[in-house]
Each structure stands twice: as C-alpha cells, then as structure tokens.
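*Asks:* Construct all of the structure, not just a fragment, from the sequences and the given hints.
As a plain string of letters, each chain reads:
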Amino acid sequence: MTDKTDREPNAAGAPKDIRPIKLACRNVWKLFGSNAANFIRERDGKASMADVTAAGLVGAVRAVDLEIRQGEIFIIMGLSGSGKSTLVRCMSRLVEPTHGKVEFEGNDLLKISDAALIELRRHRMGMVFQNFALLPHLNVLENIAFPLGIQGQDRATREARAREVIELVGLRGREHFYPRELSGGQQQRVGIARSLATKPEIWFLDEPFSALDPLIRREMQDELMRLQTMLHKTIVFITHDFDEAIRLADRIAIMKDGEVIQIGTPEELVVNPATDYVAEFTRDVDRAKVISARSLMRACDGSEHGGTVAPDAKIASFSAGIVAANKPFAVVNGTGKPIGEVTPQAVIDLLAGVDRSKAGA
Amino acid sequence: MTVTASASETRSRPIQVWLLVWVFALAAVLVVFLLQDRLPWAVNYPASAVVPVADWVSALMRWIKSNLSWLTRSITAVLGVPLDFALNLLAKNFKIGHGADAYILPRLSWVGVCAAAFLAGHAVGGRKLSLLVGGCFLYIALFGQWTSAMLTLALISIAVPFCIVTGLFAGIWAWRKPWAERLVVSPALDLMQTIPTFAYLIPMLLLFGNSPVSAMIATAIFATPPMVRATMLGLSRVPSEIDDFSEMAGCTARQKLWRVLLPSARPTLMIGVNQVIMLALNMVIIASMIGAGGLGYDVLLALRALKVGEAMEAGLAIVALAIALDRLSQAIAHSQAKGHVHQAISPSLWRRYPNLTLAIAILVVTTLLGLFVPAFAAVPKAITFTTAPLWKAAVNWVTINFFDMIEAFRVALILNLLNPLRAFCEGFPWLGAVFLLGLAGYQLSGFRLAVLVAALTAFCAITGLWEKTMATVYLCGISAFIACLIGIPIGLMASRSDRFEKIVTPVIDTLQVLPSFCFIIPVVMLFRVGDVTAMIATIAFAVVPAIRYTNHGIRQVPPALIEAAKVSGCTPRQTFFRVQLPLALPEIMLGVNQTILMALAMIIICAMVGTRDLGQEVFIALSKADSGRGIVAGLAIAFIGIVADRLFGAWTAKARARLG
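Those protein sequences? They're chains A and B, same order as listed. Under this note's numbering, the first residue of the first sequence is numbered 1, with each subsequent residue one higher. Under this note's numbering, the first residue of the second sequence is numbered 362, with each subsequent residue one higher.
None of these hints come from the bench; they were simulated from the model. From a predicted model like this one, the values you see are computed outputs, not experimental measurements. Check the hints yourself; a few may be wrong.
Derived BS3-like pairs (lysine-lysine); straight-line CA-CA distance at most 27 Å [as the list claims (entries may be wrong)]: (1) B:Lys538 x B:Lys426; (2) B:Lys538 x A:Lys111; (3) A:Lys199 x B:Lys617.
*Replies:* Next comes the structure, spelled out in structure tokens:
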C-alpha cells in the first residue's frame, strides 16, 4: 500500500450503486435558541460552528447532506450528544428542521400538509425506539396491532396481521403478555414487530439494541439481518457502537458535534478515514473482517497462485487458507478473469497490524 | 492562603450586610412598638381607614343571587338528579308516587354493600385488603352508623367522578397551553388549596341554599385540584419516546392524547384519584354545615351538644370509611403502577370478572330479599352496639381522676405560653409586619416577591382584620412550631432505623387520611373548648408532613456520598451532621412548609371549639350567611398561607440552588 491508487481502491474498483434514492437530506440544520431560523436564513444556510456559538445557539444538526438508497442499511454513528438522534427525528419530521430539505422519494417532506404527513407515517414509515416505547396498558398483540387500529382497521384484520408479524419475530405464545412481563430482548422484538406491522418502506431504528446486554444485542443483530434478507427495507439505523455499525452497515455516516464528518462503507472508513476522529474509532476494529481482497490486492507479478478469491471477499474469510498455502491468491472478477493478487505477506501484515506504508516511510 | 481568605471574605460580606439591615429593621419596628401611644395608626390599623371590601363582596354576591338565580336554580336541578339517585340508592330508598300509597323501592341492602366491599378489596388487593375494607364497612353497620355513612358515601360517589372529569380536562388544557398553566391554572390551584374549607361553604350556601347539592358543589370545587395536578404531572412524565412513537404511528392529536398519553399516565392519574377521594371525604364532612347531612352532621350535632360519646362514635365511623376508601383506591393505584398481568382469555363475563359479577349478584339478591326480610333492608337494632356510653364513662373516669392534672397543664400552658404570645402577636404593629415580611421577601427572592408578600399582608390590615389575623398567626405559628419540634426528631429517628420507620409509617399514613374533624373530638373530650384544644388538635393534624419529609429527605441522600464520607473517615455522627443533614435540609424545609399550611387549615376548623381568630370570623359569617365577611376573612387566611408558602418556597429554592 504505497501508492495512491492502492489507498483508494473503491473509487475505481467497486461497482456504482444504482439503486434509487429513498430519502435524502439536503443541507439540513437544526439549531436551538431564539431566532435560530432567521440566523441560518440570513447566512443562506452556511455557518461555522464558531458563528453558531457566537449567536448563542446550539447546533444539534449542522449542514447535513446525505442520500439513503432503497434497500440499504444506512447507519448513523456517533457518540452521545453528536446529534444523531436529532437527525433521525428531522428525517421523520418528529423534529422540525430549522433549515434545509428532507426529500422522501424526491418530495420535500417539510412542505407536505399535516394530513399527508400522518398518512405517510401510517403507511410508509416505521420506527423502533431505544427504550422500546411499548404501551404499558396493552398486551403484545394489542401493542403490535395498535398502529393498525389507529388507521381504522377492524379488529379481525389487524389482529391477523399482528399475528403474522408475531410469528415473524418469534414471539408466538406471548401474544397476551404485557410488556413488563417480558425481557428486554423480547420487548424489543415487540417493538420491531409493531413497526413492521404497517409494512413500512423506510424503517428508522433509533439505537434499538443499546438498552440490551451484549449477548442479547448480538442475537438481535443477527435477527435484524435475518429479517432484512427477507424484507429488503430501507433502514436508517442509529448507534453509538462502532462494532455494531460495522456488523450491520452497508454504509455508515459518522457524526460529531452535529456534523456528518464522513460517509462510506465500513471498509472505506477503516482503510481511508477522513479525520483523526474517524481513525480513532476504527483503530480497534478487526480489520480482517472489514477489509476485502480488493483493498489488499496488487497487480499480478506472474508468480504462481495458491487459489482464487472474489474482490469483495473479506480477508478473514481466506486468511487461514492463504497462510497455509503460502502462495499468493488470485483475485478474480465475476467472469473468472484475474484482476490482481493478494500475497500471504500482505494478509499477515494486516492480521499482525503492521502498516507497511508507514513503516516504509 | 490569601486567595481562600479573600474568597471567603467576599462571600461572607453580603451576609454581614443583611445582618446589619435586619438589626436596623428590627430596631425600627421596636421603636414603632414602643411609641405606640404616639403612633397608634402604625400599630393598630385605624378603624376609620378600613376599606369595606366585605361590603363590596356582599353587594356582588347579592347581585349574583338576585340576577343569576335562574342559573343557580337550573344547576341545582340538574345536579340534583344524579345526587338524589345516589342518595336513594345507598341511603334513602326510592319512592315512586306520593303520599301513603307511594310504592317504595328499597335501597341497596347493607349486607350486599358489605359483601361488595369485601369483594372489591379481594379483587384489587387480596385477602388482607378484603378483610380490612369489608371489616370497616361491617364496623359501620354494626355500630349503628349505616344510614349516615351511606349518605356521606353517596355524596362522595357523585362528587368524585365530577372532580375527576373536571380535573382531567383542566389538566389537559394546562398541559397543552403553557400560558394557561402559568396565568390561569397554577394561581387558581394555589388559591383553591389555601382558602380554608369553611370559606367555600359561604358562597355555596348563598347561591344554592342549605342542601346536599350545595355541599356537593363545594366538595367538588375543593377536591378537584389534585386531579388537575396529577393530570399535568402524568402527561409531562410520559417518556418522550412514547410521544414520538404515537407520532410515528400516525396518530392524530386526539388519538395521541386519549389512546397513548393518558393510558400511559394512568398510574399517576390514579394517585390523583386517590387524593380526590380523600379530599372529597374531608370536605363532605365539613360541608355537613350547609346541609350535606351524613356522618359529619352527626359529629357536628354531638359536638354542639357536647355529647362526646356520640361525637366519638360518628368520628370513628368516619375514620373507618376513610381508611376503607383510602386503602381501596391506593391498592388500585398501586396495581396500575405495577402494570398488567396476562390472564387466560375466557369468553364468559363471570370468568373474566368473578368478583364484579359476584358482587352484583349478591347486591341484587340481598336487596330483593330486603323486600321481604327486614333484617336485610336495615341493620337490625338487635345486632348493633353503641359505644357512646363507654366513651362517656371513659371521659368521666379521666375527668374525675385526672382533672387536676389536666387542668393544671391546661392553665399553665395558657398562662405561661399562649397568653403572652397572643398578647405579643396581637400588639404587633401591622406596618412593622408588612415591612419585615417585605424585607424577607426581597432578601430571599427579589422585588417581585417583596411586593407580593407586603401587599397580601397589607390586605389583612386594611380590611380591618389585623388583630384576628395575628391571632390566627399566633395559634398557627405555635402549633406548627411544636409540630415540627415533635415531627422532625421522629422523622430523623425513622430515617436512621428501619424498624422504627416500619412502626411510624402506618401510623402517619392513617393520620393523614383522617378528615380534620376527627382530630378535634378526642381532644375536646379532655381539654374542653379553647385555644389549648385547638393547639393540640392542630399539632396532631399537622405533624405528618414534618415526619414524612424529614425521613424522606435524609433517606434520599445518595449512598455514594455517605460512602465517600465514611471513606474519608467521618464518624457516624459526623456523617449525619456534616453530610446527611445539610443535604436533606431543603426537603425538611419543604416539610415544615407543608406543616404550616396544614396547621393553618386545621386552625380554621378549630373555630368550632371556640378560638377567636379568622376562623371564628368565617364560622360566624357562615351561621349568619354573611358572604362578604366570610369571603374576606377566608381570603385573609389564604393570604397568610400564600405568604408563608412563598417565603419558605423561596428559601428552599435558594438552599437547593446552593447545594446544586
């Protein structure tokens, strides 16, 4: 990894995402304080952190631009107070942004009427909450059927649908339990089932697993992945846990002090962090599980190959084999044509945490 | 060293300045007091300058009475319907037709009501509660208080739903509109809760006459504030995520409120309901003076005739009713807070609500039986007992054997403590009081509080009630002081010993649910009428918050701080005095504040036992139906309460701010 092209492999190598944009934020601001709307309008939607502070305002979300594509798991990652919760609430208009546009399938969400917003939320958006937000006076079945009842569906229809999703999240037999009788993991399954009952197109998950203990958290992450392979929702997932983000994400947006400082795939963030802050997060990541063969490959130099791997294969998936073979593996594209090779030394360096680019320099 | 020295100097300087100010202020007041022959207008408010507010109020009330009688009459007619129904159902029998050939439908059988009480206790709290609640009702029946108690219960059962609905809507309004809360609801609630119970009765008496309806309206007004507060509190405490969820589920504003927020706030609302029930009971007893009838009326009659035995009997029936209602509604609130438990679903009503269906069945059967078997319709005389002679004998025995001791105690108290204090208070210059209280308000909070406090104090003087106001302040002050002197040490002990707390808690819980009337009866048996009786009854009534808040304040000091103190080598005594007590002080002050307000409420009721203060003024106005006089005196009492509350509140807020 000595030259520039090796450091930014995806710019050229990865296929471009052609899925349509489901939800987009265009220069979204949320400022707290008196006269915040005028402040940002007068500056034409541009202000630095210092300007905001000098005006006595608090910038919860600042100049956020992002596009979420249909069917992807988009993770917003940041520490507490970084504005990620406010941002996701701006996307669903639970919080009214001070400035900017939130586009849902190209239509500005901030311009639609209250009635249209209610319709949109009833049928096309779903949300899961950190502390579950189950209604304490309703049992599991009633909780899950609640959003359908709000839409005016009759009892038989909504309970039939509720039973379907109860089946889906594996809560059968618990239909008549009340929230307080369930464990945290089970409660969040109810929360997930409830948000899925309306068959939403976009699914907001606000730190859904943060209140659970680590073992259950892992189980629920697997559960989420299982559901996603069946349902293909567009997911906006908030977390403060970088490991969780890496496990689940198609793309990650990292937030700090209300700003998005980098958006990219887990691999891009690890290989090419935009700032020291991002690098700090990625430092302890198990790189072999994030970095793919594409990032580590170099041009073939004609030596014999011990095997072949796909460009997207993670290093961890073939590291044992390549070290045992002690020969470079060819990286082949879909048609079986080699586009480069990965050497055992590169894999060992990665596993051992040796950074040749720095060591060499 | 120099830095700390200068820092402590700058910090202590304002205190020294204030000390100087206070010395000057007190000296000035003393001068006025000494020169009272020269400056009589500064000590006693001149009679010629009294503003006739009372006359204005009377005129206003007369105008309302003569011009709005169509309104008051229609209100009486409308409210009379459900009230009559409840009274007939529980106490009086239904009469269809007129005269001798009227057909009489019997009231609910006492056997049935007792059984229903047992089952209600069983449904919400298990066997222990069912025995307690059922036992209380059985006690009322067997001790011959059934009809009176059911009259009281009927009034409550109509007033409480009214309070709950009104309180709920007022609370929702205040929660939705912050300006309404600030400008309308909060001040109204403050005033409603500091105006003495008696003062409510006068306008009701004037507008609606001497009838159960006016008693019910007074009760409903008096008992609504806790529901308003509980609604506001409950709604504001719903987790923001649940709020967000309701938005994301696409609830309309109405769906959100009624299907998400209010059900989620149910535990807090139920606490409000419990308080409404207890306040309604308290007020229904007092409203017996304007025609509520029932147990309160029995007590009143007996007290007026100085029949202590009968008063005690009716008083104990009130206690039984209070305990039953309190424990029942608390158990319901508690089970709400704990949350629901799933049950097997069963299609039959009987299986789903066994207690309810059984209770209804028993009520129907026993009531029908009452048509043929008189023993079911009314409690047979043969199985009732009366304890009145017993109480009478006990009092006689005490009076015969301990008369000298009690009398000596009473006289000594009057001569050495009460009379000098009274003389001091009644001679206190009104101008001085306005000035000193205003100064205190300025020091504690600032200009606004100073003006408020001074204006409210001045109101008492310029309406010509200064002497009576100070008589109230004196009796209330000494009672509250002694109550704190007793209550705070008990609270401290309770906070340090779990065993002691276990003994104290049920006692103060019970003391707290008893209607204020009940405290007078035993005391009047021993000390007859007068200031001593009023003082002792007030102390017993007002001691509860001092105990409760002290205990709670000490116990809520974070354990980490106590551990930190221990680790840094504090002895238990040092930990207590240097860490726990200072941190608990704001909470304790809050308890003192509550004690003062409760003492004030009680002192007014003690007018029945011959005090000579504002309470007596209201009491006399009530018997003469002189609305202006009563309302102005009532306002003066409320203003004393508000002044004390605001000054203490400011002090507590300051202490809290200092502790962070």
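*Asks:* Now look at each hint and say whether the structure bears it out.
*Replies:* How the hints compare with the structure:
1. B:Lys538 x B:Lys426: Roughly 33 Å separates the two Cα atoms, so the pair is violated.
2. B:Lys538 x A:Lys111: Satisfied, since the Cα-Cα distance of roughly 26 Å is no more than 27 Å.
3. A:Lys199 x B:Lys617: 21 Å, holds
Going down the numbered hints, you'll see the structure goes against just number 1.
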